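*Asks:* Take these sequences, add in the hints, and give me the full structure.
What follows is the residue order along each chain.
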Amino acid sequence: GDSVTQTEGQVTVSESKSLIINCTYSATSIGYPNLFWYVRYPGEGLQLLLKVITAGQKGSSRGFEATYNKEATSFHLQKASVQESDSAVYYCALSGSNYNVLYFGSGTKLTVEP
Amino acid sequence: GGIITQTPKFLIGQEGQKLTLKCQQNFNHDTMYWYRQDSGKGLRLIYYSITENDLQKGDLSEGYDASREKKSSFSLTVTSAQKNEMAVFLCASSPRGEQYFGPGTRLTVL
Chain A
1 GDSVTQTEGQ VTVSESKSLI INCTYSATSI GYPNLFWYVR YPGEGLQLLL
51 KVITAGQKGS SRGFEATYNK EATSFHLQKA SVQESDSAVY YCALSGSNYN
101 VLYFGSGTKL TVEP
Chain B
1 GGIITQTPKF LIGQEGQKLT LKCQQNFNHD TMYWYRQDSG KGLRLIYYSI
51 TENDLQKGDL SEGYDASREK KSSFSLTVTS AQKNEMAVFL CASSPRGEQY
101 FGPGTRLTVL
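For the protein sequence lines, the chains are A and B, in the order given. Everything in the first sequence is counted per the numbering used here, starting at 1 for the first residue and increasing by one. Everything in the second sequence is counted per the numbering used here, starting at 1 for the first residue and increasing by one.
The hints are simulated quantities; they were obtained by calculation from the structure and are not laboratory data. Don't take each hint at face value.
Below, a list of computed lysine-lysine pairs in the DSS-like style, where the Cα atoms sit at most 25 Å apart [unchecked claim]:
# : chain 1 : residue 1 : chain 2 : residue 2
1 : B       : 83        : B       : 18
2 : B       : 22        : B       : 57
3 : A       : 17        : A       : 109
4 : B       : 57        : B       : 83
5 : A       : 109       : B       : 41
6 : B       : 9         : B       : 22
7 : A       : 109       : B       : 9
8 : B       : 41        : A       : 51
9 : B       : 22        : B       : 41
Small disclaimer: the values here were computed from a predicted structure and weren't measured.
*Replies:* Following this line, the structure appears as structure tokens:
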């Protein structure tokens, strides 16, 4: 079936440093799934950060970027310079042949230290 | 804009009890969802509904019932709460593709 893997449960980065949060996926229901990053800030609900529906394309939002790499089946989230306000839990997700259904990774908790 | 409201925010039940969680959305979205999230894990789909009176099972539907009696509301019933069960239940709605989430109901079973 379709699935998403996030290998890091927690990541700690110093403010102004760069960040990569890893996400790989397996999509057996469809050749080109839609890929998403969701974020939950402390005390807030889960919300969409960015999405990419075309292989090879890059999505961006709030200084974050993610590139849909079909060859590597990856959708890593990157930011050149993180801020304390980026501290949150980030979830990678995909939708396959049924666009109504999202498969989520286990989440990566980002802590940005001052 | 719109909002998703989940009630109650916290739910404490006894083993074997039937418990109901409610969700309301004013986005006028067609599709609504119920997810379960256990501590440190991702979201798992319990049920979704693409329109009023429609129900579709997710991977985790066993032990749950759902009801979509009108477009704006979607309820979830835990048919028999399991002792020591602790999880957050998230409701979401979607026009197509992107999902909007509610704040969650935290369930504790004693």
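*Asks:* Determine for every hint whether it applies to the structure shown.
*Replies:* Status of the hints after comparison with the structure:
1. Of the pairs offered as hints, the one joining residue 83 of chain B and residue 18 of chain B holds, with about 12 Å between alpha carbons and a cut-off of 25 Å not exceeded.
2. Pair hint residue 22 of chain B plus residue 57 of chain B holds up; C-alpha atoms about 17 Å apart against a cutoff of 25 Å.
3. For the proposed pair residue 17 of chain A and residue 109 of chain A, the alpha carbon gap of about 16 Å is at most 25 Å, so the pair holds.
4. Restraint check for residue 57 of chain B and residue 83 of chain B: satisfied, since their Cα atoms lie roughly 24 Å apart, inside the 25 Å limit.
5. Distance check on the hinted pair: residue 109 of chain A and residue 41 of chain B sit about 11 Å apart at the alpha-carbon level, within 25 Å; holds.
6. Proximity of residue 9 of chain B to residue 22 of chain B is assessed by CA-CA distance (about 10 Å); at most 25 Å being required, the pair is judged to hold.
7. With a C-alpha separation of about 23 Å, the suggested pair residue 109 of chain A and residue 9 of chain B falls inside the 25 Å cut-off, and the hint holds.
8. Only pairs whose Cα atoms come within 25 Å are accepted, and residue 41 of chain B paired with residue 51 of chain A is accepted, the gap being roughly 21 Å.
9. Of the pairs offered as hints, the one joining residue 22 of chain B and residue 41 of chain B holds, with about 23 Å between alpha carbons and a cut-off of 25 Å not exceeded.
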